[in-house]
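Model the full structure from these sequences, guided by the hints.
2 protein chains.
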Amino acid sequence: MKKLTTCLLAVTALTMAVPTSAQFAKADDAIKYRQSALFVMQQNFSRVAGMASGKIPFDAKVAAESAVVAEFMSKLPWAGFGPGTDKGDTDAKPEIWAQKAKFDDYAKDMQIEMGKLAVAAKAGNLDNIKSAVGATGRTCKSCHDDFRAK
Amino acid sequence: MKKLTTCLLAVTALTMAVPTSAQFAKADDAIKYRQSALFVMQQNFSRVAGMASGKIPFDAKVAAESAVVAEFMSKLPWAGFGPGTDKGDTDAKPEIWAQKAKFDDYAKDMQIEMGKLAVAAKAGNLDNIKSAVGATGRTCKSCHDDFRAK
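Line by line, the protein sequences are chains S and F.
Going by the working numbering, the first residue of the first sequence is number 231, and it counts up by one from there.
Going by the working numbering, the first residue of the second sequence is number 231, and it counts up by one from there.
No wet-lab data here; the hints were simulated from the structure.
There's no promise every hint is true.
Put simply, identical chains are the same to the list, so a pair is met inside one copy or across any two.
Only pairs whose alpha carbons sit at most 27 Å apart, straight line, appear in this in silico DSS-like list of lysine-lysine [as the list claims (entries may be wrong)]:
(1) Lys-360 <-> Lys-317
(2) Lys-285 <-> Lys-332
(3) Lys-256 <-> Lys-291
(4) Lys-323 <-> Lys-285
(5) Lys-360 <-> Lys-256
(6) Lys-330 <-> Lys-291
(7) Lys-352 <-> Lys-330
(8) Lys-256 <-> Lys-285
(9) Lys-291 <-> Lys-352
(10) Lys-338 <-> Lys-352
(11) Lys-305 <-> Lys-338
(12) Lys-323 <-> Lys-380
(13) Lys-291 <-> Lys-317
(14) Lys-256 <-> Lys-338
(15) Lys-380 <-> Lys-332
(16) Lys-305 <-> Lys-352
(17) Lys-256 <-> Lys-380
(18) Lys-291 <-> Lys-380
(19) Lys-352 <-> Lys-323
The following block contains the structure:
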């Protein structure tokens with residue numbers, strides 16, 4: 231029960247942190263917004279992932295800074311997936327809006343794992359960072375597999 | 231003297247918050263990164279500015295959320311203006327790299343004003359938000375006038 235309560239609190243905190251009432255002047259702005267937020271997130275996540283895989287020399291300070299930015303960015307794209315933003319210059323599949331609850335679950339999973347990665351990166355233990363990168367990467371992949379056009 | 235010390239501390243804090251050692255796989259990524267960060271910032275700033283000018287109904291919660299995101303984003307674009315990122319799909323003028331100290335000063339001014347806007351938005355007083363939006367907008371304009379191609 232305690233675990234469930236902790237989970238629920240975490241999810242509530244996440245939901246509250248997302249500016250769901252964000253408004254965009256036009257659908258194209260919303261599409262560009264989510265793509266921009268995801269790109270900034272991906273660049274920061276990839277830097278940490280590169281260190282985890284040994285492709286980039288491990289720098290604890292840079293890893294922590296990058297993971298903190300990636301975690302912040304993980305909260306932003308979702309405001310750009312509102313109704314009417316399925317058409318345009320986008321790889322987002324129509325299934326996002328047809329299966330919104332599933333998409334939202336993926337989005338929450340990713341934010342939770344990205345949060346854990348930020349905790350690991352701030353603590354600076356490379357083994358823990360590697361595990362967290364793996365878990366976070368799997369949430370990215372699940373969502374891309376189901377909801378992003380090839 | 232006290233004022234100078236406060237200023238220096240503020241500038242030091244800002245400089246520390248910027249991941250200056252951020253690395254990009256290629257120059258195009260750096261360019262897309264700074265453009266993406268600036269777009270996410272601009273969308274959030276514009277929402278608050280729209281409320282300040284009366285174009286959008288004032289919603290204190292949304293204004294505060296948006297200003298906090300805009301402040302966070304204001305720290306990110308600068309990592310994308312490294313050496314060799316002057317050529318490509320960009321409106322950034324060569325003067326940015328020729329007059330780097332001036333550009334950096336503008337960047338710092340904008341971050342300081344965006345920080346003040348976030349403070350005002352969290353406090354929720356619309357008159358103070360209006361003043362802060364004006365001051366922040368002027369720092370955007372100064373930099374665009376000197377360093378962004380028309």
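Here's how the hints hold up against the structure:
1. Lys-360 <-> Lys-317: So Lys-360 and Lys-317 fail the 27 Å test inside a copy (37 Å) and across (35 Å) alike.
2. Lys-285 <-> Lys-332: Classified as neither: same-chain Cα gap 33 Å, cross-chain 35 Å, threshold 27 Å.
3. Lys-256 <-> Lys-291: For Lys-256 and Lys-291, only the inter-copy Cα distance (22 Å) is at most 27 Å; the intra-copy one is 39 Å.
4. Lys-323 <-> Lys-285: Intra 32 Å, inter 33 Å, cutoff 27 Å: neither.
5. Lys-360 <-> Lys-256: Cα proximity of Lys-360 and Lys-256: across copies only (24 Å, versus 40 Å in one copy).
6. Lys-330 <-> Lys-291: This pair counts as between: shortest inter-copy Cα distance 25 Å, intra-copy 37 Å.
7. Lys-352 <-> Lys-330: The answer is neither: 33 Å in one copy and 31 Å across copies each exceed 27 Å.
8. Lys-256 <-> Lys-285: Result: close only across copies, 15 Å inter versus 40 Å intra.
9. Lys-291 <-> Lys-352: within (8 Å within a copy, 30 Å between copies)
10. Lys-338 <-> Lys-352: both (21 Å within a copy, 26 Å between copies)
11. Lys-305 <-> Lys-338: For Lys-305 and Lys-338, the Cα distance is within 27 Å both inside one copy (9 Å) and across copies (25 Å).
12. Lys-323 <-> Lys-380: Result: close within a single copy only, 10 Å intra versus 35 Å inter.
13. Lys-291 <-> Lys-317: Answer is neither: 40 Å inside a copy and 29 Å across each miss the 27 Å cutoff.
14. Lys-256 <-> Lys-338: within (25 Å within a copy, 31 Å between copies)
15. Lys-380 <-> Lys-332: within (19 Å within a copy, 44 Å between copies)
16. Lys-305 <-> Lys-352: both (19 Å within a copy, 19 Å between copies)
17. Lys-256 <-> Lys-380: For Lys-256 and Lys-380, the Cα distance is within 27 Å both inside one copy (25 Å) and across copies (23 Å).
18. Lys-291 <-> Lys-380: Classified as neither: same-chain Cα gap 35 Å, cross-chain 38 Å, threshold 27 Å.
19. Lys-352 <-> Lys-323: neither (35 Å within a copy, 36 Å between copies)
When each numbered hint is compared with the structure, violations occur for hints 1, 2, 4, 7, 13, 18, 19.
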